[in-house]
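S.K.: Using the sequences and the hints, build the whole thing.
Using the working numbering, read the sequence shown as starting at 28 and increasing by one per residue.
Incorrect hints may have been included.
Unchecked claim - Simulated crosslink set (EDC-like; lysine to aspartate or glutamate; CA at most 16 Å straight-line):
#1 K390 <-> D336
#2 K120 <-> E161
#3 K138 <-> D178
#4 K119 <-> E161
#5 K72 <-> D187
#6 K209 <-> D309
#7 K197 <-> D89
#8 K119 <-> E154
#9 K360 <-> D178
#10 K119 <-> E166
#11 K188 <-> E74
#12 K36 <-> D194
#13 K64 <-> E39
#14 K262 <-> D420
#15 K386 <-> D336
#16 K209 <-> D89
#17 K386 <-> E365
#18 K146 <-> D112
What the hints assert, rightly or not - Taking CB as the label site, the calculated pair distances span:
#19 F88 <-> E365: 21 to 31 Å
#20 I417 <-> I368: 21 to 31 Å
#21 P341 <-> M179: 39 to 49 Å
#22 E93 <-> M179: 53 to 63 Å
#23 P341 <-> D112: 47 to 57 Å
No lab work stands behind these hints, which were simulated from the structure alone. Keep in mind it's a predicted model, so treat the numbers as computed, not measured. Idealized CB from N, CA, C, for every residue including glycine.
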Amino acid sequence: MVFHAFLIKYAEIAIKGKNRYMFEDALVKQMQIALSKVEGEFTVKKEQGRVYVFCPEVYDFDDTVEALLRVFGIVEICPVVIYKDNGLEQTKKDVVEYMRNRHPEFKGSIKVYTRRAKKSYPINSMEVSAQIGEALLNEFENLSVDVHNPDMTISVEIRDKIYVYTDKIKGPGGMPIGTNGKAMLLLSGGIDSPVAGYLISKRGVKLEAVYFHAPPYTSERAKQKVVDLAKLVAKYSGPIRLHVVNFTDIQLYIYDQCPHEELTIIMRRYMMRIAEHIAREDKCLGLITGESIGQVASQTLQSLAATNDVCTLPVYRPVIGFDKQEIVEISKKIDTFETSIQPFEDCCTIFVAKHPVTKPNLKVIRRSEEKLNEKIDELLETAYKTIEVIDID
Numbered sequence: 028m029v030f031h032a033f034l035i036k037y038a039e040i041a042i043k044g045k046n047r048y049m050f051e052d053a054l055v056k057q058m059q060i061a062l063s064k065v066e067g068e069f070t071v072k073k074e075q076g077r078v079y080v081f082c083p084e085v086y087d088f089d090d091t092v093e094a095l096l097r098v099f100g101i102v103e104i105c106p107v108v109i110y111k112d113n114g115l116e117q118t119k120k121d122v123v124e125y126m127r128n129r130h131p132e133f134k135g136s137i138k139v140y141t142r143r144a145k146k147s148y149p150i151n152s153m154e155v156s157a158q159i160g161e162a163l164l165n166e167f168e169n170l171s172v173d174v175h176n177p178d179m180t181i182s183v184e185i186r187d188k189i190y191v192y193t194d195k196i197k198g199p200g201g202m203p204i205g206t207n208g209k210a211m212l213l214l215s216g217g218i219d220s221p222v223a224g225y226l227i228s229k230r231g232v233k234l235e236a237v238y239f240h241a242p243p244y245t246s247e248r249a250k251q252k253v254v255d256l257a258k259l260v261a262k263y264s265g266p267i268r269l270h271v272v273n274f275t276d277i278q279l280y281i282y283d284q285c286p287h288e289e290l291t292i293i294m295r296r297y298m299m300r301i302a303e304h305i306a307r308e309d310k311c312l313g314l315i316t317g318e319s320i321g322q323v324a325s326q327t328l329q330s331l332a333a334t335n336d337v338c339t340l341p342v343y344r345p346v347i348g349f350d351k352q353e354i355v356e357i358s359k360k361i362d363t364f365e366t367s368i369q370p371f372e373d374c375c376t377i378f379v380a381k382h383p384v385t386k387p388n389l390k391v392i393r394r395s396e397e398k399l400n401e402k403i404d405e406l407l408e409t410a411y412k413t414i415e416v417i418d419i420d
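M.R.: Set out below in structure tokens:
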């Protein structure tokens, strides 16, 4: 069956009061961007409290739906067939035709729900629903009416034309990208950080990302793995600017000067410092990490407090209370899992102590970092000057 349009339903946007139009406009913009990747000329319009995608005569239904399923803010996608408004008698025939073509084998209870955007229509919505329902019962033997708990709801919207739909495809939910500022994601090659980026972008946050590269201890394949993960996240979040930081000299200096059991914490603290420096330059409003309480030594409450100590920007950890299996399930849903488990190590896994401290004392950590004073500022400045920026669409 050929669908002429898609009705796009949203939820949270509807309660934004006087600012609602801003969120609707952002949703329309993100839909236009997503549909620009699909062959054909689509038109996205706001019409009287509704958002519609009007389709070209020829288009790929599956590709179109797949594109819309990556747009945060969409709760439901309803494929619509549009008929000319030639009066109620013709509308009844059109709805009967719709059911015959769309659901020829359907047996069960129905409800007809009518919404009149065209208030000049001669009869009210309940009367339209009753007459269409009667026409359907007369035409199909295996239908019954249940207005409270129907097996199927047939929605009829009366506008300049008649819009009919029954199907509802669940959307990703959330808020449109760009409605809640921008934040910097610390993106590693693991499972957790891409999921964290996905979840925070689902709340309308635009992403930038930083990756800490340590050649020759980490390979170009490890770097490409992170680029590939950023591309997968960008399918949902929109374009990502990825900052690749050469972390080798800083990591080796920490390794030479500091107690090895504190290496992970001190290294992490310098990653957070660098990430915040880049974030401030790019006007990001916070940092995002994939940390989950207790998952590894650097993610105990004491360790998280130690890394937070060096930040003045807020640090958002959307998977903080998730167990590993929950994170894995989301990574599979967004297609990052298979890339994340590729066996290319990142800099966090190269210089790992046999017995890392799990309950770091902040005073002790700060005292250990004093051993870095001779060269660390110079190394940081070099790292900032040699950042590689990769713009990912």
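S.K.: If a hint holds in the structure, say so; if it does not, say that too.
M.R.: Structure-based check of each hint:
no.: 1; hint: K390 <-> D336; in the structure: holds, 11 Å
no.: 2; hint: K120 <-> E161; in the structure: holds, 11 Å
no.: 3; hint: K138 <-> D178; in the structure: holds, 8 Å
no.: 4; hint: K119 <-> E161; in the structure: holds, 9 Å
no.: 5; hint: K72 <-> D187; in the structure: holds, 14 Å
no.: 6; hint: K209 <-> D309; in the structure: holds, 9 Å
no.: 7; hint: K197 <-> D89; in the structure: holds, 14 Å
no.: 8; hint: K119 <-> E154; in the structure: holds, 12 Å
no.: 9; hint: K360 <-> D178; in the structure: violated, 28 Å
no.: 10; hint: K119 <-> E166; in the structure: holds, 11 Å
no.: 11; hint: K188 <-> E74; in the structure: holds, 13 Å
no.: 12; hint: K36 <-> D194; in the structure: holds, 12 Å
no.: 13; hint: K64 <-> E39; in the structure: violated, 26 Å
no.: 14; hint: K262 <-> D420; in the structure: holds, 8 Å
no.: 15; hint: K386 <-> D336; in the structure: holds, 14 Å
no.: 16; hint: K209 <-> D89; in the structure: violated, 31 Å
no.: 17; hint: K386 <-> E365; in the structure: violated, 33 Å
no.: 18; hint: K146 <-> D112; in the structure: holds, 14 Å
no.: 19; hint: F88 <-> E365: 21 to 31 Å; in the structure: holds, 27 Å
no.: 20; hint: I417 <-> I368: 21 to 31 Å; in the structure: holds, 22 Å
no.: 21; hint: P341 <-> M179: 39 to 49 Å; in the structure: holds, 47 Å
no.: 22; hint: E93 <-> M179: 53 to 63 Å; in the structure: violated, 25 Å
no.: 23; hint: P341 <-> D112: 47 to 57 Å; in the structure: holds, 53 Å
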